[in-house]
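Peer 1: Sequence:
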Amino acid sequence: MDADLIILCDDVILPESKKEIDGGVAVADGQVVGIGARGELSGFLGMDTQVVEYHNSTLFTFGKLQEGQGANIAVVAGNKKRKQGKIGKMVKLLFLMYQGDVVFQKER
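Take the sequence shown: its position 56, counting from 1, is numbered 56 in this note's numbering, and each next residue is one higher.
Everything labelled a hint here was simulated from the structure, so no lab data went into it. All values derive from a computational prediction rather than experimental measurement. Check the hints yourself; a few may be wrong.
Okay, the calculated beta carbon distance ranges per label pair [claimed, not checked]: (1) 16 x 47: 15 to 23 Å; (2) 55 x 104: 26 to 34 Å; (3) 2 x 78: 26 to 34 Å; (4) 46 x 102: 25 to 33 Å; (5) 106 x 22: 15 to 23 Å; (6) 107 x 16: 30 to 38 Å; (7) 53 x 2: 13 to 21 Å.
Think about it this way: if two alpha-carbon atoms lie no more than 25 Å apart in a straight line, the pair counts; the simulated DSS-like pairs of lysine-lysine are [claimed, not checked]: (8) 106 x 92; (9) 18 x 92; (10) 92 x 19.
Idealized CB from N, CA, C, for every residue including glycine.
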């Protein structure tokens, strides 16, 4: 399956294990269809896939993902010391997708 969007970051917090990896997420039709290292996401790359890369940033999912409700993902910049948890303030936020809709995307 080709993704509509692939978002890459220096740190990706895996939802189940809370482990951090260098990789990203693939999104198709507002749903996260893949989370993993950069090489693992190459299978989702298609002719029309938009690839966005955020350096010195952490990408994480939040909330419980339920079928048909879309992806809840955020990219926060310059936050190597950030702990997993709720977003209290949207400071240094670069990208936010909530329930399948892009809510905020900072132009770079």
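Peer 1: Confirm or reject the claim that residue 106 and residue 22 have a C-beta distance inside 15 to 23 Å.
Peer 2: Roughly 21 Å apart at Cβ, these two residues keep to the hinted range, so it holds.
Peer 1: Within 25 Å, alpha carbon to alpha carbon, are residue 92 and residue 19?
Peer 2: Between residue 92 and residue 19 the Cα gap is close to 22 Å, so the pair holds against 25 Å.
Peer 1: Okay, residue 55 versus residue 104 on CB: inside 26 to 34 Å?
Peer 2: 18 Å, violated
Peer 1: Taken at face value, is the distance from the CA of residue 92 to the CA of residue 18 at most 25 Å?
Peer 2: 21 Å, holds
Peer 1: For the hint 26 to 34 Å, verify it against the beta carbon of residue 2 and that of residue 78.
Peer 2: 31 Å, holds
Peer 1: Measuring from beta carbon to beta carbon, are residue 107 and residue 16 in 30 to 38 Å?
Peer 2: Holds: the Cβ-Cβ distance is about 33 Å, inside 30 to 38 Å.
Peer 1: Could you see if the CB distance from residue 46 to residue 102 stays within 25 to 33 Å?
Peer 2: At roughly 19 Å between Cβ atoms, residue 102 and residue 46 fall outside 25 to 33 Å, so the hint is violated.
Peer 1: Does the Cβ distance between residue 53 and residue 2 fall inside 13 to 21 Å?
Peer 2: Taking Cβ atoms as reference, residue 53 and residue 2 lie about 18 Å apart, which means the hint holds.
Peer 1: Starting from the range 15 to 23 Å, see whether the pair residue 16 and residue 47 falls in it by beta-carbon distance.
Peer 2: 32 Å, violated
Peer 1: Are residue 106 and residue 92 close enough, with their CA atoms no more than 25 Å apart?
Peer 2: 10 Å, holds
Taken one by one, the earlier hints fail for this structure at numbers 1, 2, 4, listed in ascending order.
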